[in-house]
Each structure stands twice: as C-alpha cells, then as structure tokens.
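Now for the letters of each chain:
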Amino acid sequence: MVEEKDEKKYTTISIPTPLAEKIKKRIEGTGFNSLSSYVTYVLREVISGMEEESDEGFSKEDEERVKDRLRALGYLD
Amino acid sequence: MPRPHGGKLIDRKINKDLSEQDLPTIEINTNLSEDIDNIANGVFSPLKGFLCRNDLENVITDKRLESDTPWTIPILLDFSKEELQDIKEGDTVLLTNKENGTIATIDIEEIYSIDKKTLAKKVYGTTDDAHPGVANVFSMKENLLGGTISLYKTKPSAFENYNLSPKETRFLFKEKGWKDVVAFQTRNPPHIGHEYVQKTALTFVDGIFINPIIGKKKKGDFKDEVILESYNTLMKHHYLKERAVMSILRTSMKYAGPREAIHHAIMRKNFGCTHFIVGRDHAGVGDYYGPYDAHDMFSEFPDLGIAPVFFRSFSRCTKCDSVVNDKICPHDQKYHINFSGKKIRELLINGEIPSEDMMRKEVAETILKFKQPFVE
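Each protein sequence line maps, in turn, to chains D and S. Residue numbers for the first sequence, in this note's numbering: 1 to 77. Residue numbers for the second sequence, in this note's numbering: 1 to 376.
Watch out, some of these pointers could steer you wrong.
[What the hints assert, rightly or not] Facing chain S, from chain D, some residues (calculated, C-beta under 8 Å):
1) L19
2) S48
3) F58
4) V66
5) R69
FYI, nobody ran anything at the bench for these hints, they're computed from the structure. Glycine included, each C-beta is placed from N, C-alpha and C at the ideal position.
Required output: the full structure, derived from the provided sequences and hints.
Written out as structure tokens, the structure is:
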C-alpha cells in the first residue's frame with residue numbers, strides 16, 4: 001500500500017549520466033542527501049521563479065466596494 | 001506583488017442563506033470558526049476547506065500539500081462519533097459558532113482518523129503534552145472531516161476597523177504604489193527592539209505591513225486592544241503614514257516553531273507581502289525549538305514565494321549608544337542591555353514607565369491608560 005502510494009508520489013526522469021555525476025559531487029557534504037532531493041529543490045526554485053506577478057483582475061464593482069471600505073476605515077485618503 | 005499561494009486567491013464566501021436549509025448542524029469551537037474565516041477570505045489560500053487524508057499525510061511527511069505546494073500546518077476539522085451520527089461522505093453539514101456568529105457548510109469529501117502521536121511528533125517535534133500544540137492534538141476528537149467549506153455569515157470582529165482581507169490588503173498595497181512589502185507579525189506592544197527590526201527591514205522595501213495576531217490569549221498576555229492602541233501610537237508618532245499599514249489576523253497560535261514560521265509567511269504572502277520578518281524563536285514555546293530553527297527551515301522551500309528577512313536579537317549597546325545586534329557590535333556583552341519583554345511587563349504592571357531605551361514614552365503611556373492592560 002505504502003509502495004503503491006510512493007509510486008504515485010514520485011516519477012522517474014532521465015538526465016545525462018555525466019551531469020548526474022557532477023551533481024553527486026556537488027552535493028557532497030551539503031544538506032542534500034540524494035541526487036533526487038537536489039534536482040527536486042532546483043526544479044522547484046526554477047518553476048516558482050517563472051510564476052508571473054499577480055494581477056487580481058478586480059471587477060469595477062469589486063474595486064469600488066474595496067476602495068470605499070478602505071477609505072471609510074482611513075486606510076486610503 | 002506575489003501571486004497568492006498556490007496561484008489563486010480563494011474566496012469561499014457565499015450569499016445564499018444556509019441557515020434556512022434543512023442540514024445536520026454541528027456547533028464548532030471558536031478556533032475552527034476562525035479557520036473557516038481564513039479559508040473563506042483567502043488567508044489560507046490555496047485551501048478551500050479542511051484537509052483530507054492525502055493532503056494531511058503529505059503535510060506531515062513532506063511539509064507540502066498533495067499538489068507539491070508548501071504547507072506546514074494541518075488545518076483540520078475534528079468530530080466525535082456522537083456528533084457525526086449518521087453523517088457520511090458526500091453529505092453537506094452546517095457548521096455554526098455562536099461566539100463568532102459563524103454560519104458555514106462543509107461538503108464532506110472524507111471522514112477519517114489519524115494517529116495523534118505521529119501527528120504531534122511530526123508537526124511539533126515532540127509528543128510532550130506540556131507543549132500547548134501537542135496538548136491540542138491530544139484533545140482532538142477521534143474523527144476528521146475533510147472537504148470544501150462555504151461561508152455565509154460571520155459576526156464582525158471586535159476590531160473590525162483593523163480587519164482587512166487579503167483582497168483588501170492587496171488592493172491597498174497597489175493603491176499605495178508598494179511593490180515590495182515586508183510583513184511583521186506580533187503578539188505584543190512594540191518596544192524599541194521591535195521598532196528597530198521593523199525600520200531596518202522597511203529601509204529596503206516600499207512599505208511595512210504590521211499584522212498582530214488577535215484572538216485567544218493566556219493570562220498575563222497583553223489584551224488585544226492594548227496591542228492595537230500601542231501600535232497606533234507608535235505609528236502616529238514615529239512612522240511615515242504612507243509607509244506603514246496595520247491590520248489584524250484572527251487565528252490561533254499553534255506554537256509549532258519552525259513549521260509555524262513557514263505558515264505565518266504563507267499567510268502574509270496571501271495578504272500581498274513579498275517579505276516576512278522572522279526573529280528569534282519564532283512561534284516557539286518553552287525550549288522545544290532552537291532559537292534559529294525557524295530560520296533554517298526556510299531553506300527547505302525554494303518555492304515559497306515570499307522572502308524571509310531574518311533577524312537575530314537586538315539590544316542596546318551602551319558603548320555604541322545605539323541599538324545593535326551581534327553582527328554589528330564589537331563590544332562585550334556587559335555593555336548590552338536586552339529588550340526584555342518580561343522586564344517591560346513588570347514595570348508596566350507596577351504602573352511605571354520603562355526607560356526610553358526600552359520603550360517609547362508615548363507607547364508606554366498609551367498602555368498605562370488602560371486600567372487593566374493584561375488578560376486576567
């Protein structure tokens with residue numbers, strides 16, 4: 001059951017062996033205990049860095065309502 | 001401005017009057033009703049409800065939701081067998097709370113249970129029931145309900161004038177032209193050390209978001225109104241109006257140390273902040289966590305989407321005649337006066353104004369205007 005769950009949780013990707021060897025050397029003595037944990041870390045960093053900034057896309061009505069409340073509470077002049 | 005955590009700001013508020021529907025009703029405690037509020041208003045984005053088993057197991061083991069989104073604190077809805085009666089998965093249940101006037105529903109996706117010891121050990125790092133968070137886990141009822149919530153109604157907070165939703169703060173920051181915003185969490189009135197931390201961080205960004213946690217307190221804590229008034233005074237006299245904003249966060253402290261520091265950062269990201277101040281022993285209690293464990297945990301999350309700003313303890317150096325920390329002051333410890341919250345509290349209890357080296361006079365006077373500034 002646990003194995004089945006883990007199979008779903010993780011997938012295998014292929015990277016060139018020389019690169020894998022370089023990474024293994026690179027992570028020696030660091031907090032990364034495996035090639036996978038390092039690659040996961042780097043990919044998470046890369047992917048999150050690609051996220052675009054937020055544009056909330058307020059409707060006109062929404063915007064007026066929020067603005068009125070913020071003005072009433074003294075947050076906006 | 002950062003994207004909300006998980007990509008989308010959740011809004012689970014509805015206009016349909018749920019109380020008129022013929023649904024099984026369960027009265028929940030105030031902490032849970034605050035969780036519902038925070039889910040519905042997007043403070044807990046991307047959560048749409050209480051965790052189901054898969055998400056919970058991921059949070060416990062990997063500090064992430066099943067979707068791989070960082071999440072460190074389980075948001076759980078517990079029920080006893082008696083309360084469940086014949087409620088089953090697929091049902092919708094009305095959730096109410098008298099104190100907060102909460103009227104909400106949960107569409108039950110899963111009813112399950114969890115080993116409390118594992119939960120406590122993984123989340124709090126201990127199974128010692130003297131730890132308040134662990135004690136809460138052990139007092140949880142035997143069943144957990146996972147599923148999406150919808151909030152119809154909640155009573156305005158006693159501090160409604162300071163109660164902004166993430167949608168509102170995001171709008172506010174944009175209107176102010178703030179791109180980089182640093183969040184500061186607090187549970188106490190500000191002393192000079194706090195002010196120094198805040199202003200040091202503010203120097204590098206466009207604005208500061210002071211975000212006191214309001215809610216259930218223990219005996220001897222400063223009352224919520226005292227914290228808010230003291231900050232009002234500080235901000236009025238010593239901050240630029242266009243650079244500082246304060247609003248409250250209604251949630252309970254879990255005292256989960258490093259894990260909770262991540263959770264606190266996530267909530268502030270949802271409010272639209274780009275940076276989050278993490279001090280010494282953030283969200284800690286007793287000596288369960290090392291003073292800088294919370295700092296270390298941030299390195300596990302390259303994809304958190306909000307940058308931690310780490311601070312060590314500040315003190316006043318009598319040689320430098322200024323506020324310092326161990327990175328910037330070469331003088332011996334004997335010249336350092338710590339900003340002791342305990343000492344300040346003792347002075348205030350006796351009606352005395354602490355020295356201006358520790359707390360602004362105006363702030364101390366504001367606190368002392370309250371007949372009883374502490375929770376009895």
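### Task
Identify whether the interface hint at D:R69 stands, where standing means a beta carbon of chain S within less than 8 Å of its own.
holds, 7 Å
### Query
Can D:L19 be said to touch chain S, with a Cβ gap under 8 Å?
violated, 19 Å
### Message
Hint D:F58 vs chain S: min CB-CB distance below 8 Å?
### Response
holds, 7 Å
### Message
Does D:V66 hold up as a contact with chain S if the rule is Cβ-Cβ below 8 Å?
### Response
With a closest approach of 5 Å, the D:V66 hint holds.
### Query
Does D:S48 pass the interface check with chain S, least Cβ-Cβ distance below 8 Å?
At about 4 Å, which falls below the 8 Å cut-off, the nearest Cβ of chain S leaves the hint on D:S48 intact, so it holds.
Checked against the numbered hints above, the structure violates only hint 1.
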